[in-house]
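K.L.:
Chain by chain, the residues:
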Amino acid sequence: MPVFLAIALHAEARPAIERFRLKQDAAFDLPVFRRDEVWLTVTGTGSMKSAIATASLLSRVERDEDSVMFNLGIAGHTQKADEGPVTVGDRFLANKITEQSTGRSFFPDLLAKTPLAESVVTTVQQPLERADAGTVEPGLADMEAAGFYQAAATFLPPHRIGCVKVVSDHLETRRIDKHRAGELIAGALDDFDAAVAAYRSVRDGAPDVLTDADLQLVRDIRDRLRLTASRHRILTDLARSYKLHTASDLPDLTRFTHVSVKTRQEGDAQFERLRGILSVE
Amino acid sequence: MNGYGASSRWSNFSHLYIERGANDYPLTRRIRERFAKARVVEIDDYKTVFARPRQRFQAQKESMKLILAVKKDRFLYEGSGNSQDFSFKAFHYNTLMSNCVYNCDYCYLQGMYPSANIVVFVNLEDYFTATREGIRDRSNPVQPFYLCVSYDTDLLAFESVVPYCRAWIEFAREEPDLLIEIRTKSAAYRAIRDLQPTDRAILAWTLSPEPVAARYEHGVPPLRRRLEAVRSAIDDGWPVRLCFDPVLAVPSWASLYGGLVDEVVRKIDPATVRDVTVGVFRLSKHHFQRMRRQRTDTPLLYGEFMQEDATVTYPAERREEMTAFMRRRLGDHFGEERIFAWT
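Line by line, the protein sequences are chains A and B.
The numbers in numbering that gives the first Met the number 0 rise by one with no breaks, and the one at position 91 of the first sequence is 90.
The numbers in numbering that gives the first Met the number 0 rise by one with no breaks, and the one at position 307 of the second sequence is 306.
Incorrect hints may have been included.
List of simulated lysine-lysine pairs, BS3-like, C-alpha gap at most 25 Å [as the list claims (entries may be wrong)]:
1) Lys-36/B to Lys-46/B
2) Lys-261/A to Lys-79/A
3) Lys-177/A to Lys-79/A
4) Lys-284/B to Lys-60/B
5) Lys-112/A to Lys-46/B
6) Lys-71/B to Lys-46/B
7) Lys-112/A to Lys-60/B
8) Lys-36/B to Lys-60/B
9) Lys-112/A to Lys-36/B
Everything labelled a hint here was simulated from the structure, so no lab data went into it.
Model the full structure from these sequences, guided by the hints.
P.N.:
This is the structure:
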């Protein structure tokens, strides 16, 4: 179950790289760090760069149904300092991501219960200044989330995409010191780790009654009998039907992985034999 | 990474997604009060949440969200070929809500909607206006305007949150040419029990053999409780319809469904029932294919099926056998004239 992380800056990524003991993988053109099932890409600043790095990672690494992907980074908050409950270092899970340039909003699916509070995140093209705080929905302002989300949503279901932001400032114009950014991320890693674990615990429903071995057997038969895509689908459904209706394992079909088929008629005959064996009516 | 999060899901309705335009409706305020602890996310259009690509229906079923929206158009739909029209020329349905709190293995909503989240349309008055127009413009003024209001959902099951059954019954009471059907699997009759019965509102209960309900109708009250609700409604004077639909080709189906009929007539006097519907399992081809892609865990969607036009159902011989069986068993008690069958 791979876990993918997209983080804009090396300074923000460093605590995660250390925490998960990741090593750089030189096989990638972009900076990618990994260990076992955890993959982290350093995307660079901005929505476009985040989208490119996210799409690049997800298209190159083998995913499974349970893969999750997170964006982690710092963000400004529209609330003025000392005028509300939000303080620097607070962390939030995005429940709505708005792309300021287009006005479009995106909604990660919030099925997993995490220890994080939630917030709207507006992705801006330039750092938002205090004077412009009223131009966005109250909440967080960042520069990557919308690009990250759109790219990730091309590959993953919305409940497997998360965006976690740590408050770095209240839209003061001064630049955030890299060291400080790293500290803020490091302080949020326990909650972040817990959020990732919660996302990974969510299942997409009851598992397929066919095991990986069953599916491989069906593929082997397909190859041996030179079945069309349509017949392969029918055979898979027949196998599924057999297991669901009999509540037992598939019968021994290994002989069908050894037969030789020279003509279409021979293939049809073998297929009908299979249909007879797997029929539960 | 740590082990936090085992089985940590949000409970149902942990989040309310509310269209900006839906904020000022009384029902929105009521729901916000009802789910005071829910996290509220403001949205422009419900489809941006409901119609996201790659959503997982069954994953969402374990943590359904509520989406409150304003329906912009299409307040009435003409009945589909997979539904029964009860010989009414003007058979319509509406969609006051999309999706259902229950989760039946055979439910077509899994194939119809991209999401398991529940959409509630809060602009009830617009539906009433459209329905008045439908009544006025109906093609056959001799018959009432027949409208199913609990379609693509189970309205009574959600009555404690969205009191639309009550609202529609009161509306029907004021409209002499309207006949509504409220179809349900719930046992929540008490939610409307204080209302005076009216002949313009049929309360329709879908019934399944208890072993079928227990295995395939997740979250639905058991047969016993549904029958108690049916009996209460009949005792109070409501016109009640019993729906044996879908009849499923499960092992020993004849014994199970024959037993169901016996159980029903033991508990309910057939003479007090308005009518009965029967229909074997059937789905649109499109919905069936989408359901199969998502559901690889239920025997109900795998086995012998055939396609007729755009409908997937059991092979003709099986279908005719099941329908004839049900007609015969029900006919013994209810008489042929009160049985409506989809064939």
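K.L.:
For each hint, tell me whether it holds in the structure or not.
P.N.:
For each hint, the structure was consulted:
{"no.": "1", "hint": "Lys-36/B to Lys-46/B", "verdict": "holds, 24 Å"}
{"no.": "2", "hint": "Lys-261/A to Lys-79/A", "verdict": "violated, 77 Å"}
{"no.": "3", "hint": "Lys-177/A to Lys-79/A", "verdict": "holds, 22 Å"}
{"no.": "4", "hint": "Lys-284/B to Lys-60/B", "verdict": "holds, 23 Å"}
{"no.": "5", "hint": "Lys-112/A to Lys-46/B", "verdict": "holds, 24 Å"}
{"no.": "6", "hint": "Lys-71/B to Lys-46/B", "verdict": "holds, 12 Å"}
{"no.": "7", "hint": "Lys-112/A to Lys-60/B", "verdict": "holds, 15 Å"}
{"no.": "8", "hint": "Lys-36/B to Lys-60/B", "verdict": "holds, 20 Å"}
{"no.": "9", "hint": "Lys-112/A to Lys-36/B", "verdict": "holds, 14 Å"}
When each numbered hint is compared with the structure, a violation occurs for hint 2 only.
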